[in-house]
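Novice: Protein sequence lines, in the order shown, are assigned to chains A and B.
For the first sequence, the residue numbers in this note's numbering are 1 to 132.
For the second sequence, the residue numbers in this note's numbering are 1 to 132.
Derived from the structure by calculation, the hints contain no laboratory data.
A portion of the hints provided could be inaccurate.
[What the hints assert, rightly or not] Selected chain A positions facing chain B (Cβ under 10 Å, derived; list incomplete):
{"no.": "1", "residue": "L17"}
{"no.": "2", "residue": "L20"}
{"no.": "3", "residue": "I23"}
{"no.": "4", "residue": "P29"}
{"no.": "5", "residue": "V31"}
{"no.": "6", "residue": "S32"}
{"no.": "7", "residue": "T52"}
{"no.": "8", "residue": "A64"}
{"no.": "9", "residue": "S66"}
{"no.": "10", "residue": "A68"}
{"no.": "11", "residue": "K70"}
{"no.": "12", "residue": "Y74"}
{"no.": "13", "residue": "D78"}
{"no.": "14", "residue": "R80"}
{"no.": "15", "residue": "D97"}
{"no.": "16", "residue": "Q101"}
[Claimed, not checked] 20 Å max Cα-Cα, derived PhoX-like pairs, lysine-lysine:
{"no.": "17", "chain 1": "A", "residue 1": "K70", "chain 2": "B", "residue 2": "K25"}
{"no.": "18", "chain 1": "A", "residue 1": "K108", "chain 2": "A", "residue 2": "K98"}
{"no.": "19", "chain 1": "B", "residue 1": "K25", "chain 2": "A", "residue 2": "K25"}
{"no.": "20", "chain 1": "B", "residue 1": "K102", "chain 2": "A", "residue 2": "K70"}
A virtual CB, placed ideally from N, CA and C, is assigned to each residue, including glycine.
Protein chains: 2
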Amino acid sequence: MAQLTEKARQRLSDPNLGFLATIMKDGSPQVSPIWVDVDGDHIVFNTAKGRTKERNMRRDPRVAISIADKDDPYTKVDIRGRVVDWVEGDEADAHIDKLAQKYMGKEKYPGHRQGVERVIVKIEPETISERG
Amino acid sequence: MAQLTEKARQRLSDPNLGFLATIMKDGSPQVSPIWVDVDGDHIVFNTAKGRTKERNMRRDPRVAISIADKDDPYTKVDIRGRVVDWVEGDEADAHIDKLAQKYMGKEKYPGHRQGVERVIVKIEPETISERG
Numbered sequence: 001m002a003q004l005t006e007k008a009r010q011r012l013s014d015p016n017l018g019f020l021a022t023i024m025k026d027g028s029p030q031v032s033p034i035w036v037d038v039d040g041d042h043i044v045f046n047t048a049k050g051r052t053k054e055r056n057m058r059r060d061p062r063v064a065i066s067i068a069d070k071d072d073p074y075t076k077v078d079i080r081g082r083v084v085d086w087v088e089g090d091e092a093d094a095h096i097d098k099l100a101q102k103y104m105g106k107e108k109y110p111g112h113r114q115g116v117e118r119v120i121v122k123i124e125p126e127t128i129s130e131r132g
Numbered sequence: 001m002a003q004l005t006e007k008a009r010q011r012l013s014d015p016n017l018g019f020l021a022t023i024m025k026d027g028s029p030q031v032s033p034i035w036v037d038v039d040g041d042h043i044v045f046n047t048a049k050g051r052t053k054e055r056n057m058r059r060d061p062r063v064a065i066s067i068a069d070k071d072d073p074y075t076k077v078d079i080r081g082r083v084v085d086w087v088e089g090d091e092a093d094a095h096i097d098k099l100a101q102k103y104m105g106k107e108k109y110p111g112h113r114q115g116v117e118r119v120i121v122k123i124e125p126e127t128i129s130e131r132g
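Extracted from the complex, chain A is given alone in its bound form (with noise of 0.2 Å):
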């Protein structure tokens, strides 16, 4: 496990839009956009379940995240890792509604839709590569 540097958890921490990247069934790649969090010394997200990259990472926990900050995209933090834990319901629920406070200044994320089962995905961070 690598310990996140100041540098990233401050990205982290900023509302900057992370890009992961999962592997697809036939091991090709896939990358979106994601909401980014800090979880002590891991990474963690929000999805919802039966999204392509939550299938993905079922199958295969390897992921890697890069984060640009958005007022100067051109320092960056590049991660690798995995998926250590999961975890549903009314946490993940209240998760995406504190990411909604971060990134759109909203109390209640407003995308909840009925039906849509929010998990919070967490990711130990396996290598870190920085640039500025």
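Using the hints provided, position chain B relative to the given structure of chain A.
Specialist: Below, chain B alone, put in the same frame as chain A:
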């Protein structure tokens, strides 16, 4: 081969960062930011020989690229595809200068280094997913 939509073409033409996912030798994902460009129906970008992403794409041409609009990060286009061509030499050097104009407003790429060989990578899109 998927046809680039007008929106996808616009996001690639504007100076938005792309995030490129490639596959490591062990089958795990890697992701890092890139400057992107569009060439007809292909996505093109520029890297240097020997970089992790370049070695990965030489081994496995399957890639994914996600682009969020710099002024509205909750709109995005996610593309999956494969490398179909490589261009090296003077053309690749001229291309990184063109990207430096697009992204930095500089006539010459300030990162040219002796011994660093630039290479244009051409991607054929296979699936395109948009939001916003």
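Novice: With reference to the structure, classify each hint as holding or not holding.
Specialist: The hints, checked one at a time:
Look at L17 (chain A): its Cβ gets to within about 5 Å of chain B, closer than 10 Å, so that hint holds up. The criterion of a C-beta within 10 Å of any C-beta in chain B is met by L20 (chain A), whose closest approach is roughly 8 Å, and the hint holds. Interface restraint check for I23 (chain A): the shortest CB-CB distance to chain B comes to about 6 Å, inside 10 Å, so the restraint holds. Hint status for P29 (chain A): holds, given a least beta-carbon distance of 4 Å to chain B, under 10 Å.
Interface restraint check: V31 (chain A) against chain B, minimum CB-CB distance 4 Å, threshold 10 Å, status holds. Checking S32 (chain A) against chain B by beta carbon gives a least distance of about 5 Å; that is within 10 Å, so the hint holds. This hint holds: T52 (chain A) has a C-beta 9 Å from the nearest C-beta of chain B, less than the 10 Å allowed. With its C-beta approaching chain B no nearer than about 4 Å, A64 (chain A) sits inside the 10 Å limit, and its interface hint holds.
With its C-beta approaching chain B no nearer than about 4 Å, S66 (chain A) sits inside the 10 Å limit, and its interface hint holds. For the restraint placing A68 (chain A) at the interface with chain B, the shortest Cβ-Cβ distance is roughly 5 Å, inside the 10 Å limit, so the hint holds. Hint on K70 (chain A) holds. Least Cβ distance to chain B is approximately 8 Å, under the 10 Å limit. The interface hint given for Y74 (chain A) is met, as the beta carbon of that residue sits about 8 Å from the closest beta carbon of chain B, less than 10 Å.
The beta carbon of D78 (chain A) is positioned within 10 Å of a beta carbon in chain B (closest approach about 5 Å), and the interface hint is therefore held. Look at R80 (chain A): its Cβ gets to within about 6 Å of chain B, closer than 10 Å, so that hint holds up. Restraint check, D97 (chain A) versus chain B: the minimum CB separation of about 16 Å is more than 10 Å; hint violated. Hint status for Q101 (chain A): violated, given a least beta-carbon distance of 15 Å to chain B, over 10 Å.
Restraint check: the Cα-Cα separation between K70 (chain A) and K25 (chain B) comes to about 31 Å, which exceeds 20 Å; the hinted pair is violated. Between K108 (chain A) and K98 (chain A), the direct Cα distance comes to roughly 8 Å. Compliance with the 20 Å bound is thereby established for this hinted pair. Simply put, K25 (chain B) and K25 (chain A) have alpha-carbon atoms about 16 Å apart, close enough for the 20 Å limit, and the pair holds. Restraint check: the Cα-Cα separation between K102 (chain B) and K70 (chain A) comes to about 18 Å, which is no more than 20 Å; the hinted pair holds.
Going down the numbered hints, you'll see the structure goes against 15, 16, 17, while the others check out.
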